[in-house]
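Peer 1: Chains as they are written, first to last, in our numbering: chain Z, 1 to 365; chain P, 1 to 365.
Rather than coming from a laboratory, the hints here were simulated on the basis of the structure.
Please note that a few of the clues may not be correct.
Given that identical chains are not distinguished, each listed pair holds provided it fits within a single copy or across any two copies.
Unchecked claim - Within a straight-line C-alpha distance of at most 20 Å, the following computed EDC-like cross-link-like pairs (lysine to aspartate or glutamate) qualify:
| hint | residue 1 | residue 2 |
| --- | --- | --- |
| 1 | Lys170 | Glu286 |
| 2 | Lys92 | Asp75 |
| 3 | Lys96 | Glu179 |
| 4 | Lys170 | Glu245 |
| 5 | Lys149 | Glu110 |
| 6 | Lys92 | Asp2 |
| 7 | Lys305 | Glu295 |
| 8 | Lys204 | Asp75 |
Protein chains: 2
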Amino acid sequence: MDISTPTIIIDKDIVLKNIQKMVEKTKKNNMAFRPHFKTHQSIEVGEWFKDFGINYITVSSVSMAKCFANAGWKDITIAFPVNILEIEDINKLSEKIKLNLLVNNLETTEFLEQNIEKSTDIWIKVDVGYHRAGIPWNNFSYILEIAKKIESSSKLNFKGILVHSGNSYKSSSKSEILEVHTEALERIGSLRKKFSENSFNSIKVSAGDTPTASVADDFEGIDELRPGNFVYYDLTQLKNNSCSEEEIAIRVACPVVSKNKETMELVIYGGGIHFSKDVIQTKSGEYIFGYLTDEVNGKWKPMHKDSYVTSLSQEHGIVKTDKEHFENIQVGDVLLIVPVHSCMTVNAMGKFRLTTGEEFEAKCS
Amino acid sequence: MDISTPTIIIDKDIVLKNIQKMVEKTKKNNMAFRPHFKTHQSIEVGEWFKDFGINYITVSSVSMAKCFANAGWKDITIAFPVNILEIEDINKLSEKIKLNLLVNNLETTEFLEQNIEKSTDIWIKVDVGYHRAGIPWNNFSYILEIAKKIESSSKLNFKGILVHSGNSYKSSSKSEILEVHTEALERIGSLRKKFSENSFNSIKVSAGDTPTASVADDFEGIDELRPGNFVYYDLTQLKNNSCSEEEIAIRVACPVVSKNKETMELVIYGGGIHFSKDVIQTKSGEYIFGYLTDEVNGKWKPMHKDSYVTSLSQEHGIVKTDKEHFENIQVGDVLLIVPVHSCMTVNAMGKFRLTTGEEFEAKCS
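Isolated chain Z, as found in the complex (with noise of 0.2 Å):
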């Protein structure tokens, strides 16, 4: 490898596995695919779903519609609450694009009717349990004030109804991510029941968190799904049994720069500003950064459960190791580390590498 500083690897061909898994998933669930690209960040990514025929995305943010609306794409969802000191960069963005924006309160609500220029589509967030932006889904006569206030409007279309169960990203066991998608199918389904009761017949339901849309089967009365991070997936995923081993596409190349033989520890050249700290703890209680990997003959050998990564500071790494590896790595190595969490270490590098060698840019943030 000619790596000599932090770099983001991908493995394509795994990618274009998880891409065509959650393809077949949403076509047989009669879903709408409309992937969040806050995960990979990169026009080129955006082409492989392309070929895919995905014609519709989901970003997290106005500049980062701006960015993929550059890039071509035509139909954008902001899976984030409307920002109202955005107005005029949302209103130009209508102009290229069919902009979908997300409201969850009246007062933005109000604001967008005065002031947005196209028709455009809009969704009310609705919190089915993860208890972080939405509107609780127990507070219909509110859900319903604002699905009137946009409905009344001759500039907003009322689309339905956009959850995330971020709730899921906690379990530990496929039977807990169901848990909670049960949880939000219910809840989905008595919103939709009392929509119809009060006239609103067609509305639509968007989903989409990884860990359920992974693991899940059942999507009744889901008519769109979201999920971004499948597409690399990572430890998080890995540690509440979203993913196996073999669909994480990511790793980090960091080179060593020094070996302690009496801790068996080794310093890294990668740090919190090229993986994010985010941590998974295990079952005693370590906190872990990142896990080893091997490469033999271009292929990812399985994770080396005895060498991890212990802490993160700015630039540096601390990796723990046995002895063996300890004795095998050198001063210059690079080594391949599977992060804890994709879309914040994409965020945090800015470019990517494949294994094939070709290097792209990671930046519509």
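On the provided structure of chain Z, position chain P as indicated by the hints.
Peer 2: Just chain P now, with coordinates in the frame of chain Z:
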């Protein structure tokens, strides 16, 4: 404020006072002052240091050294153990400027002996308590072996030992910081003595974590100080009593995108990709990613201890407030938040603006 997306705000007056104070302290103690530029990563802020007569700096990567060399800095220490894979860039830089390097093992020293092209000052990185990347202070035979190897080389000049008491960051009071510092000074003294007994009579000692640099008055045995974080400070430094609130020169301005009356929480546009994910924990065990401050007539008021960021995902932040604040804050307002770790926040954002409005890049990373 004409701010519509998350933006770093810097108060230049506070920065200048922070620099002035450190300049005076280093002068009083007859130490060279070689500030670490990884905190601000900005050519503009570098110029502010020049106005104080600072001619030499510290950085944490070869790429950062290149960037500041291009901006006119002629004497740069890369305070990260030499990554031998970057030898080509190191040699190119040495053609342009006086570059000072750091080693922490014999293999790298031997590699430099064979591959460095210009005469270069070399520091040995010694661990006096932090246990990250230095050679343990009590492994003097190995330190001496490296020192002799450097001395025997025609191109490498042995400068002395470089320490970083990063363990001071974990202190929770000034007295704890001073304990770390006193222990470091004792170990440095013992190393000086041993070097002297081995005919190394004029070694230099470089030290420089912000907590001890801020709190200590006695620097016996230290010739050069390299703090970085003090330029902006942050919540981490406030928590360990390295700075006062008035000395924190940085805020992150974040738009409010929604309010939740039930929980008195706000959703802000501002997440891990802006703040990074460093966190402090209160005595009661609560995690805090930033405190709110108000601005009145261009001056920042004391932080609101009851209004703070409780969680961060990729773009979202959740702010917990008391009743009074909740009612006064509206969707579309811009909140000012004191970040937990200014170095990582600056690195994540890549640019900043001054309280007076001018915008600058912070991209020497």
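Peer 1: A separate judgement is required for each hint: does it hold in the structure or not?
Peer 2: Consistency of the hints with the structure:
no. : hint               : result
1   : Lys170 with Glu286 : both (17 Å within a copy, 18 Å between copies)
2   : Lys92 with Asp75   : within (14 Å within a copy, 47 Å between copies)
3   : Lys96 with Glu179  : neither (41 Å within a copy, 62 Å between copies)
4   : Lys170 with Glu245 : within (18 Å within a copy, 35 Å between copies)
5   : Lys149 with Glu110 : within (8 Å within a copy, 73 Å between copies)
6   : Lys92 with Asp2    : between (43 Å within a copy, 18 Å between copies)
7   : Lys305 with Glu295 : within (15 Å within a copy, 50 Å between copies)
8   : Lys204 with Asp75  : within (16 Å within a copy, 62 Å between copies)
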